[in-house]
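Participant: In order, the protein sequence lines correspond to chains R and C. When we follow numbering that gives the first Met the number 0, the leftmost residue of the first sequence carries the number 0, and every step to the right adds one. When we follow numbering that gives the first Met the number 0, the leftmost residue of the second sequence carries the number 0, and every step to the right adds one.
FYI, nobody ran anything at the bench for these hints, they're computed from the structure. Errors might be hidden in some of the hints.
Per the computed footprint, the stretches of chain C lying under chain R, defined by three or more beta-carbons under 8 Å from a beta-carbon of chain R, are [said to hold, decoys possible]: (1) 45-57; (2) 188-202; (3) 335-349; (4) 431-444; (5) 469-480.
For clarity, every value in this text was computed on a predicted model and none was experimentally measured. Just so it is clear, CB atoms sit at the ideal spot from N, CA and C, and this is done for glycine as well.
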Amino acid sequence: MPSGTIVTGVIGSDTHIVGNRILTMALEKAGYKVVSLGALTPAADFVKAAVETRAQAILVSSLYGQGELDCRGFRDLCTEAGLEDILLYVGGNLVVGKRSWEETEQTYRAMGFDRVAAPGTRSEAVLEWLAQDLSGQEA
Amino acid sequence: MNAPATADSLRQPLSEAAIPQDLFARMRKQNLARWPTGAGVDFEAGVERHKSLPRHKQLAPVLRAADAEGRCLTQPRGGFGTFELQRELMQTLDRDGHADVVPTTTDSYTRNEQWQLAQKGIEESERMGRSMLNGYPMVNYGVDHARRLVDAIDKPAIMLTGTSMPKLTGEIGYAAGYSGYLGSGIAYTVSYIKELSIEEGIRNYQYLDRLAAMYQEAGVELHRRQPGFLTGTNIPPSIAIITAVLDCLLAAAQGVRNYGLEMGQTLHLVQDAAATVVCREMCQEYLARKGYRDVFTPVTLLHWMGAWPQDEAQAAALIGYGGTLAAIAGAVSVTTKSTHEAFGIPTPQANAEGLRTTRMAIYLARGIRLDGLPEFEREKELIRREVRPIVDKVLEMGDGDVAVGTVRAFEAGVLDIPWSPNRHVKSRVLPARDADGCLRILDAGLMPFPKEVLEVHEERLRRRAERDRIAYGPELAVASVYEISEPVAKLLPDRAR
Numbered sequence: 000m001p002s003g004t005i006v007t008g009v010i011g012s013d014t015h016i017v018g019n020r021i022l023t024m025a026l027e028k029a030g031y032k033v034v035s036l037g038a039l040t041p042a043a044d045f046v047k048a049a050v051e052t053r054a055q056a057i058l059v060s061s062l063y064g065q066g067e068l069d070c071r072g073f074r075d076l077c078t079e080a081g082l083e084d085i086l087l088y089v090g091g092n093l094v095v096g097k098r099s100w101e102e103t104e105q106t107y108r109a110m111g112f113d114r115v116a117a118p119g120t121r122s123e124a125v126l127e128w129l130a131q132d133l134s135g136q137e138a
Numbered sequence: 000m001n002a003p004a005t006a007d008s009l010r011q012p013l014s015e016a017a018i019p020q021d022l023f024a025r026m027r028k029q030n031l032a033r034w035p036t037g038a039g040v041d042f043e044a045g046v047e048r049h050k051s052l053p054r055h056k057q058l059a060p061v062l063r064a065a066d067a068e069g070r071c072l073t074q075p076r077g078g079f080g081t082f083e084l085q086r087e088l089m090q091t092l093d094r095d096g097h098a099d100v101v102p103t104t105t106d107s108y109t110r111n112e113q114w115q116l117a118q119k120g121i122e123e124s125e126r127m128g129r130s131m132l133n134g135y136p137m138v139n140y141g142v143d144h145a146r147r148l149v150d151a152i153d154k155p156a157i158m159l160t161g162t163s164m165p166k167l168t169g170e171i172g173y174a175a176g177y178s179g180y181l182g183s184g185i186a187y188t189v190s191y192i193k194e195l196s197i198e199e200g201i202r203n204y205q206y207l208d209r210l211a212a213m214y215q216e217a218g219v220e221l222h223r224r225q226p227g228f229l230t231g232t233n234i235p236p237s238i239a240i241i242t243a244v245l246d247c248l249l250a251a252a253q254g255v256r257n258y259g260l261e262m263g264q265t266l267h268l269v270q271d272a273a274a275t276v277v278c279r280e281m282c283q284e285y286l287a288r289k290g291y292r293d294v295f296t297p298v299t300l301l302h303w304m305g306a307w308p309q310d311e312a313q314a315a316a317l318i319g320y321g322g323t324l325a326a327i328a329g330a331v332s333v334t335t336k337s338t339h340e341a342f343g344i345p346t347p348q349a350n351a352e353g354l355r356t357t358r359m360a361i362y363l364a365r366g367i368r369l370d371g372l373p374e375f376e377r378e379k380e381l382i383r384r385e386v387r388p389i390v391d392k393v394l395e396m397g398d399g400d401v402a403v404g405t406v407r408a409f410e411a412g413v414l415d416i417p418w419s420p421n422r423h424v425k426s427r428v429l430p431a432r433d434a435d436g437c438l439r440i441l442d443a444g445l446m447p448f449p450k451e452v453l454e455v456h457e458e459r460l461r462r463r464a465e466r467d468r469i470a471y472g473p474e475l476a477v478a479s480v481y482e483i484s485e486p487v488a489k490l491l492p493d494r495a496r
């Protein structure tokens, strides 16, 4: 049974909550403690919640295209708050317009995200990533 | 990050009553002072602007004519982060897409009145040479640029602004010659914001409705429209229609006389056709009950609003079928999507293709109606039996006042919306798709639907759960969220299961 605390939310001025809520339900069912921040969450609120709850990972959702602006500097915010090693995932429709996935993934990798989930990624895939990445951390 | 509450001196107790003239003048002055471009709004000039537009560029008469002729018009969405990109987009939609109504979708910073962030987005977009915003920052660019956008097309222009804070965007767009505005106090407050209360959302749209009515009183009929698609994910028709009726009554009380009603397609032909008829009928029934006899309420259907398949061939089927549905349902217009929907905002060309695919489907479906079909008649009656008890209860809770009743009903869970991001909505009601493909209510939460009605829903949903071997409960709701986006080989395998 997995254990650990995970922060979830939809970043920026984005209201698309459905996928994020389904992911949150799946994480809870899998045994994680989930701090669910919901829609329209500023980057700083993710970091604050992660500090307060000593979370192992932050899972950022974005579906409206402006994630590229909202996620800039996210890794730096974490580092400044003392969360150098926290796992960062991001997923959704991450850019405005239809661009190649490789390019989009690279953009977000460069911003410091450990995993970048393409549109349509199911919660089971995210659970597998977490199991791998968190077990590595504990070892 | 949300709009500041109205200053106390401008605040009356919440009610549905029309905002008094002198108070409204003071509210407008304060509103227009919130960003420099507000100074560019001149009401008298706005009235003259609309009077100078040819009739085919005025949405209100265009919709009345389409309704009288039984036509189904097409309208896409579309917004980019800079003026040049926006103008090019609108021209492409007009000329290559043959859009009957041309949109301007605002970006999400503008929707949340974060105009400083929007300004940065414009600069970034210019620097990167591509749109970094998901829409057009209408407020930052102001009235003159908006006028130039309206001048660049030969169709009516509508503002699509997904916001519970429409006051400055609406002033600027209407003053510039946009003749339609999509948005309403209940529907958008439950769908597009987390913290803003239902009361504040209603108040914000009472402002916009009063503004539209002021133009009406000056001899310019403007179009207002209710986004009953709500959170866009598996909204059963009755829940959409309940909000449509209440928002419509609120608008009529401010003096609006041209009020469109939008619903997301369920993708079941019979259910969509039934919903289209009953939506208009229920609005008219309650308008008449409140003494409003001259409000025009055409219905618009929207292409599928939930998650889309990534396969463009599958997406094309949803687009064509959505045109067919809207035409057969008798919708006065259909709001279109494109084959890029699964990936986000489409290119202008893909957007225009979506329009043409839809247009062809409408042409093919001309004249077909379902009247007399037993299943159609049954579905209409079922929706009526869901809508009336809830709307009646809301009116009762407000002692006849729609605004007060709505706020109290959301607090009590009598009004509820699936998948709402808003903290003031219980969001306990849960929808799912049944064995036949209709959207039904899996869990009514605290909404007082009649027991016999809910039994019908449960029976249909249990058949689906059994057939697809999904547990009857939240899992069925989740499976229904993904369903339409699944690969076609999974939905309809090559060999029988």
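Participant: Hint by hint, say whether it matches the structure.
Facilitator: Evaluated hints:
1. 45-57: violated (count 0)
2. 188-202: Our answer is that it holds, as 5 residues pass the Cβ test (under 8 Å) against chain R, meeting three.
3. 335-349: holds (count 8)
4. 431-444: violated (count 0)
5. 469-480: holds (count 3)
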